[in-house]
Amino acid sequence: MSLNPSPRPSLSEAVASGPLERVERSAAKPAPAEAQPAVDGVVGYRRLLPVNGDRYLVRIGALLVAALGWHLASTYGFDFFVRFDNVPGPLVVGAEFLAQASSREFYLHILHSIQRIAIAYGLAVVLGVTLGVLMGRSRFAEDVILPYIEILRPIPAVAWIPLAILMMPTEQASIVFITFLGALFPIVINTVHGVEQTPKVLVRAARSLGASNAAILWHVVLPGALPSIVAGLAIGMGVAWFSLLAGEIISGQYGIGYFTWSAYTLVEYPKIIIGMLVIGGLGSLCTLLVRKACSPLLRWQTEGAKS
Amino acid sequence: MMPSKPNRAAVVEHPHSFRPRSAGGKGRISVRDLDIVFATGSGPQRAVASASLEIQPGEFVSLLGPSGCGKSTLMNSVAGFVKPTRGEVLLDGHSIAKPGPDRGMVFQQHSLFPWKTVKQNVAFGPLMAGAGTREAESVANTFLALVGLSRYANAFPTTLSGGMQQRVGIARALANYPSVLLMDEPFGALDAQTRSMMQENLLEIWGEFKNTVLFVTHDIDEAVFLSDRIVVMSASPGRIIADIPVRLPRPRTQELLTTPDFMAIKRECLALIREQTLRAFEQQNQAS
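Taken in sequence, the protein lines are chains F and W.
Taking our numbering, the leading residue of the first sequence gets 54, the next gets one more, and so forth.
Taking our numbering, the leading residue of the second sequence gets 11, the next gets one more, and so forth.
Just so you know, the hints here were simulated from the structure itself, not pulled from any lab data.
A quick note: this is a predicted structure, and the numbers were derived from the prediction, not measured.
Each hint should be verified, as a subset may be incorrect.
Using 30 Å as the maximum straight-line C-alpha spacing, the simulated DSS-like pairs for lysine-lysine come out as follows [as the list claims (entries may be wrong)]:
(1) W/K126 with F/K253
(2) W/K276 with F/K253
(3) W/K220 with W/K276
(4) W/K108 with W/K126
(5) W/K108 with F/K253
(6) W/K36 with W/K93
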């Protein structure tokens with residue numbers, strides 16, 4: 054009845070010893086032999102590229118190439134459909150960055166932004182995962198909540214500015230609200246997706262082992278949904294940063310978004326670029342932190358993939 | 011690495027902690043006049059039809075039948091996953107309403123929690139029964155020793171081979187000391203050699219516990235080798251068409267497979283199954 058392929062041989066099996074493992078090991082032997090040519094092909098191809106730590110050098114190199122292109126384009130006033138003649142070069146921006154980096158003001162901007170991100174993202178994680186689990190587990194909850202999500206999700210952060218000002222008691226609350234909305238939707242959607250994919254056989258196994266509904270949620274549904282939830286958390290962090298910029302347009306004083314926006318209104322091109330790069334850098338740094346913080350919870354997945 | 015060491019050696023690893031609790035006369039399964047009807051897109055589908063079956067405590071019974079004959083459905087009604095449309099399913103005289111730890115379940119494959127280590131998987135049942143983490147883990151260690159996988163206690167299931175995963179599955183089901191072990195084609199996805207070794211393993215473990223085993227399979231050799239009785243089911247809707255006793259001596263080893271007694275029972279099953287498989291084939295042709 055079953056058309057399933059025979060089990061893959063694993064690393065642990067190769068080192069297995071003891072009477073019980075012997076037969077299985079020999080039974081699994083033909084598979085690696087078949088896999089050999091394909092594996093060799095990959096290895097041969099991979100050798101052309103630097104390995105592991107060196108890959109970061111490649112990545113940094115890629116960025117340096119872009120910076121060099123940018124430098125040349127703005128120095129020689131590149132002008133063919135895309136115009137660089139008014140774009141400040143990387144050296145000008147770099148000099149301005151050093152000037153900014155020695156001012157207290159600059160760090161206050163960053164600090165305010167990080168604070169807003171922390172509050173907004175924290176709220177989005179709690180509410181997003183809760184709503185997502187509810188929707189994934191209950192059809193009724195999904196039918197009630199999904200229409201809101203589907204209608205509100207495509208609305209860009211900027212479009213929320215007027216309403217946020219009207220509805221929220223303080224300017225800070227408005228900015229946090231707009232940032233929160235940006236992070237919320239990817240977290241909800243990914244949580245629902247993860248929860249709905251819980252394998253039925255695992256729920257059955259847990260039930261037959263005496264698990265209650267609460268235990269099934271905690272031991273089966275949530276861990277199973279975790280890879281998808283973590284993906285949502287990482288995407289949500291990125292979206293939070295670019296929603297933050299929209300929110301900080303209404304900020305009167307601080308925030309890296311405000312910094313960028315006021316540079317724009319004052320036509321300070323180098324500062325605009327600095328603002329953009331800082332948002333990009335902090336955004337990707339925070340996304341990386343989210344992934345790193347969650348990776349111990351996903352150890353089972355990475356270890357499984359290695360074999 | 012002592013190739014001559016018998017498999018039973020695994021049990022000796024923890025001689026003090028392992029106390030097989032005999033099911034103690036529990037584990038009587040009574041299926042009475044059971045009908046199970048599923049609602050499908052093309053109308054109601056009868057999966058099991060007027061099935062009646064009595065299984066004694068400590069008996070090893072195989073459900074044998076062609077694919078899609080409703081043998082898994084019948085087992086799922088004993089497990090408590092499927093409710094009878096008509097008739098009743100009893101365990102020790104009590105009607106089965108839902109799944110419970112008194113009926114350990116071993117699935118075909120991929121039923122271990124991949125995010126839990128092998129030990130945590132086996133400890134899950136005792137933990138749900140209210141044991142502390144420590145106590146549950148010590149039970150888990152005992153049962154991992156029983157199936158010979160102590161050294162993989164902290165590995166994640168996906169790093170193990172299919173046969174090893176199924177052994178963990180058996181340990182996990184047994185860790186609750188169930189009076190009934192329900193096995194739904196547990197070796198169906200394994201290669202032939204691993205499968206035959208797992209069958210011998212299973213009989214050894216069962217020898218320690220003597221609980222009731224209901225074993226679903228479509229493999230005749232497997233059914234004859236393992237069972238005290240083989241219950242043969244017809245093609246859809248699943249009716250019980252034969253109840254064949256297997257009076258072969260235990261302990262059983264692979265040499266049994268070539269004895270005339272084994273062959274005789276196999277032949278009897280083969281004739282029945284062939285007839286039913288042809289019927290199932292015709293049904294599918296008519297349907298398409």
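Could you grab the alpha-carbon distance between W/K108 and F/K253 and see if it respects the 30 Å cut-off?
Holds, at roughly 16 Å.
Distance restraint between W/K220 and W/K276, which requires alpha-carbon spacing of 30 Å or less
This hinted pair holds, its Cα atoms lying about 24 Å apart.
Agreement of W/K36 and W/K93 with the hint, judged by alpha carbon distance not exceeding 30 Å:
Holds: W/K36 and W/K93 sit about 22 Å apart, inside 30 Å.
So if I understand the rule, the pair passes when the alpha-carbon distance is 30 Å or less; does W/K276 with F/K253 pass?
Since the Cα atoms of W/K276 and F/K253 sit roughly 35 Å apart, the hinted pair is violated (cutoff 30 Å).
Check the hint pairing W/K108 with W/K126 against an upper bound of 30 Å on the C-alpha distance.
Judged against 30 Å, a Cα distance of about 25 Å means the pair holds.
Assess, step by step, whether the Cα of W/K126 is no farther than 30 Å from the Cα of F/K253, and give holds or violated.
Holds, because 17 Å separates the two Cα atoms, which is no more than 30 Å.
Hint compliance for this structure: hint 2 alone is broken.
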